[in-house]
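Turn these sequences into a full structure, and let the hints guide you.
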Amino acid sequence: MNSAFKKMMCRFLAVALITLPFQTGQASMISTDQVSSAATVQANRSLVLNHLNRAQTVNEFQALGLDAQQARDRVAAMTDEEVGNLAGQINAVPAGGDGLVALILVVFFIWYFAFRR
Amino acid sequence: MARGRRRTRALVSPRWSVWQQGARLVAGALLLLAGLGGCASLVPQTMALREAWPAGVALSSENTAVPFFPQQDYQCGPAALATVLVAGGVELSPDDLVKSVYLPARQGSLQVEMLAAPRRYGRVSYPLAPRFDALLQEVAAGNPVVVLQDNGVGPLVNWHYAVVVGFDYPAGELYLRSGETRRLAVPFTVFEYTWKRGGYWAMVALPPERIPVSADAAGYLAAVAAMERVAAPEAALLAYATALRRWPDNATASIGLANRQYAQGALAAAEATLRQALAQHPDAVPVLNNLAQVLSDLGRNDEALALLDRALGAQASPAAGPFVAAVRETRALVLQRMGRSR
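Residue numbers (the numbering used here), protein chains in the order written: chain G, 1 to 117; chain U, 1 to 342.
Any given hint might turn out to be false.
The following label-pair restraints were derived from C-beta to C-beta distances [unchecked claim]:
{"#": "1", "chain 1": "G", "residue 1": "Gln89", "chain 2": "U", "residue 2": "Pro282", "range": "38 to 46 Å"}
{"#": "2", "chain 1": "U", "residue 1": "Ala48", "chain 2": "G", "residue 2": "Arg72", "range": "42 to 50 Å"}
{"#": "3", "chain 1": "U", "residue 1": "Gly313", "chain 2": "G", "residue 2": "Arg72", "range": "39 to 47 Å"}
{"#": "4", "chain 1": "G", "residue 1": "Ala76", "chain 2": "U", "residue 2": "Glu51", "range": "26 to 34 Å"}
{"#": "5", "chain 1": "U", "residue 1": "Gln107", "chain 2": "G", "residue 2": "Arg72", "range": "17 to 25 Å"}
{"#": "6", "chain 1": "U", "residue 1": "Ala171", "chain 2": "G", "residue 2": "Asp67", "range": "16 to 24 Å"}
{"#": "7", "chain 1": "U", "residue 1": "Arg229", "chain 2": "G", "residue 2": "Asp67", "range": "19 to 27 Å"}
{"#": "8", "chain 1": "G", "residue 1": "Phe115", "chain 2": "U", "residue 2": "Ala105", "range": "39 to 47 Å"}
Residues from chain U that face chain G, not an exhaustive set, calculated with beta carbons under 7 Å [what the hints assert, rightly or not]:
{"#": "9", "residue": "Ala52"}
{"#": "10", "residue": "Trp53"}
{"#": "11", "residue": "Arg106"}
{"#": "12", "residue": "Asn158"}
{"#": "13", "residue": "Tyr161"}
{"#": "14", "residue": "Ala226"}
Calculated from the structure, these hints are not laboratory results. In this text, all values refer to a predicted model and were calculated from it rather than measured experimentally. Beta carbons: idealized from backbone N, C-alpha and C, even for Gly.
Right, dumping it as structure tokens:
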């Protein structure tokens, strides 16, 4: 009996945690960000995830040689989606840097005499 | 016994394995032939251009007014970004951008930061569709385009940013501000070969009163919302107003414009914008909610309450889902202002 009650309580709490929205405490305008990203699932849990992603990316930037303020500023200019895609991938994504024209020349000559368009 | 033999034969019969090897050889040879002979698979988009040149795009075009900043060290990212930003009227030098796009440990710049940095200067960064036609449309319209190239050969990878400023299809060339070369002429084929490995990545960063010609409404408004996070409010206001002129029936553009007007305290203007949107989208819950908030701030709580009840009535539609909580909050606020509890 007691155990059945506990089980029921647990189920109730689990469902409540999942379904009850976080209170933002701000009755106001629905933001443009919310409207334009409403098509891609805008769940409340993404708020939490987003904070974690941003913190992680700031740390990763610092590990790559930026000072704390710069790292925060740079992450602040990204959207939630951009940060979500970058977090944990910072060393895997391309970083454009070099402009070695020598290498392009190799390809260039191969193709130049073949065809151009 | 018989069963065992059959199984053995099926697994390691010499005839079978010879046939299998032969099949592999044939497949390999075919693949090699396809790779060597079928240039279509190496530069598919250039091949497609031979069949159909994008409609409405001139065969040659060049914006010679785009400035040039020779790159220093590994800093082609700051140089390319400065090129498009200065072309769009921002006053800066590549050095000003090093702190916002250059990553010392990677000796380069990330694509996401190339998109993020222009927002601080009130410019809308818009990633283009990964196609030649989008690139050519923008360049033909005079918009310089930042592209990510891989100038490596074979297994070598050599990521590089350059700016496409023009092209001449009859001559088969694109013109780039690249590295230390002011006007690098690259054949379409070579360009696609280098552009392909980065997933045909390209972006423009334009002033808010200038929408990329190849932009779609949803993508562009998301780009403006991204700029709004960090840019001066006037830039976002101008961008939404311009977007609303280009896509007059877009509810997101109306909401964006009205939100900026509301933030400025221009309540009457916000009301007019939202009323116009409501006439086109009578069931749009965010429009109803925000208009109610504006009216309530103007002291017209009765009208506001009617709109909120209408929004809650419209919530049966699936699109209303994410905003129901916001509508209930606004309703509670309006009731509180009216001195009522229900």
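I'd like to know which numbered hints this structure contradicts. Please list them from smallest to largest. 4, 6, 9, 10
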